[in-house]
Amino acid sequence: ITWNSLVPIQPKGKKEPLYLVHGADHNVMIFKLLSNNLDADQPVYGLQAKGLNGIDEPLGTVEEMAAHYILEIIKSNPKGPYTLAGYSFGGVIAFEMARQLLAQNKDVKRVVLLDSYVYPHYYSSNTTAKKIAKTKYRMAMAVFMTKTMFSNKANFDRRIQLFKGGIKNSYLKLKLGKENQHKLVKSWPYKLDQMHNKAVDSYQILPLAIKVDLLRVAEDDIFYAHDTELLGWDPIATKGVNKHEIPGNHINMLSPPNDKKLGRILQNILDS
8 ITWNSLVPIQ
18 PKGKKEPLYL
28 VHGADHNVMI
38 FKLLSNNLDA
48 DQPVYGLQAK
58 GLNGIDEPLG
68 TVEEMAAHYI
78 LEIIKSNPKG
88 PYTLAGYSFG
98 GVIAFEMARQ
108 LLAQNKDVKR
118 VVLLDSYVYP
128 HYYSSNTTAK
138 KIAKTKYRMA
148 MAVFMTKTMF
158 SNKANFDRRI
168 QLFKGGIKNS
178 YLKLKLGKEN
188 QHKLVKSWPY
198 KLDQMHNKAV
208 DSYQILPLAI
218 KVDLLRVAED
228 DIFYAHDTEL
238 LGWDPIATKG
248 VNKHEIPGNH
258 INMLSPPNDK
268 KLGRILQNIL
278 DS
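Numbering (this note's numbering), first residue to last: 8 to 279.
These are calculated hints, taken from the structure and not from any lab test. Any given hint could be a false lead.
Pairs of lysine-lysine residues, derived as PhoX-like cross-links and limited to a Cα-Cα distance of at most 25 Å, are as follows [to be verified]:
| id | residue 1 | residue 2 |
| --- | --- | --- |
| 1 | Lys113 | Lys86 |
| 2 | Lys141 | Lys154 |
| 3 | Lys218 | Lys113 |
| 4 | Lys141 | Lys180 |
| 5 | Lys182 | Lys171 |
| 6 | Lys198 | Lys138 |
Derived CB-CB ranges, DEER-like [claimed, not checked]:
| id | residue 1 | residue 2 | range |
| --- | --- | --- | --- |
| 7 | Asp48 | Lys171 | 38 to 48 Å |
| 8 | Ile139 | Arg271 | 27 to 37 Å |
| 9 | Ser279 | Lys185 | 38 to 48 Å |
| 10 | Ala149 | Pro85 | 17 to 27 Å |
The beta-carbon is built from N, C-alpha and C at its ideal position, and this holds for glycine as well.
Start from the sequences, fold in the hints, and give me the full structure.
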């Protein structure tokens with residue numbers, strides 16, 4: 008059996024297909040609910056990480072991921088035009104795919120970013136500069152977490168749960184080793200996470216003369232962002248960022264009841 012990264016989530020319909028790139032959990036089945044809330048004639052394909060099956064070797068750079076996904080898309084749709092979207096880190100991969108497609112003189116119709124964030128260390132290629140940006144980000148994150156934790160009871164309870172989860176994971180890592188702890192809590196191979204993290208760490212995002220649609224969650228108190236307005240995309244998508252507010256937070260934006268409203272907003276963008 009050949010294993011593909013391109014997964015037909017909803018292949019029927021006359022509209023131009025939407026290609027959705029996975030987030031940090033590498034799987035695309037989370038997009039099924041979203042596709043149910045798009046028009047019946049809107050084809051949707053997911054792009055899942057190579058190596059998710061535990062057999063294939065995972066890809067080591069963001070550029071390689073983008074090139075691999077493009078090959079699979081072009082095989083099934085040689086002419087285009089291409090509408091790309093990505094959830095979380097998948098938005099960064101989708102943006103890199105747009106760059107590579109444009110370099111091949113392909114027609115990229117639009118790039119949709121589902122709450123995708125450009126971390127400050129993505130801007131640089133220099134290892135030292137990356138380390139400094141990461142340290143600054145972590146310090147700002149700690150301040151942000153402390154502030155939001157005491158803003159209301161729900162936030163306080165959630166932080167305590169996350170803190171407890173973090174302590175438990177650290178304990179299991181020490182007791183069982185990193186790989187066995189990973190097997191306990193995650194459904195995808197440990198090596199895939201290792202390679203993915205390495206790819207993220209070494210990636211430099213470069214500006215591109217395109218306009219993007221950024222779907223930004225209304226409840227933005229889970230993760231710290233250095234740019235709360237456009238999530239760091241302003242200097243990168245040089246033709247502009249169309250911002251659309253969507254309900255929920257980064258974790259539950261694809262789940263009911265938020266999936267219905269997200270589906271409507273996304274379909275309007277695709278049809279415009």
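Hint-by-hint comparison with the structure:
1. This hinted pair checks out: lysine 113 and lysine 86 have alpha carbons roughly 8 Å apart, not beyond 25 Å.
2. The hinted pair formed by lysine 141 and lysine 154 meets the criterion: a straight-line CA distance of about 20 Å does not exceed 25 Å.
3. As the CA atoms of lysine 218 and lysine 113 are separated by approximately 16 Å, the hinted pair is consistent with the 25 Å bound.
4. Pair hint lysine 141 plus lysine 180 holds up; C-alpha atoms about 23 Å apart against a cutoff of 25 Å.
5. At most 25 Å may separate the alpha-carbon atoms for a hinted pair to count; lysine 182 and lysine 171 meet this at roughly 16 Å.
6. With a C-alpha separation of about 23 Å, the suggested pair lysine 198 and lysine 138 falls inside the 25 Å cut-off, and the hint holds.
7. The given range of 38 to 48 Å is respected by aspartate 48 and lysine 171, whose C-beta atoms sit roughly 46 Å from each other.
8. Evaluation of the 27 to 37 Å hint for isoleucine 139 and arginine 271 yields a failure: the beta carbon distance comes to about 42 Å.
9. Evaluation of the 38 to 48 Å hint for serine 279 and lysine 185 yields a pass: the beta carbon distance comes to about 46 Å.
10. Taking 17 to 27 Å as the suggested C-beta distance range, the pair alanine 149 and proline 85 does not conform, at roughly 49 Å.
When held up to the earlier numbered hints, the structure conflicts with 8, 10 and fits the remainder.
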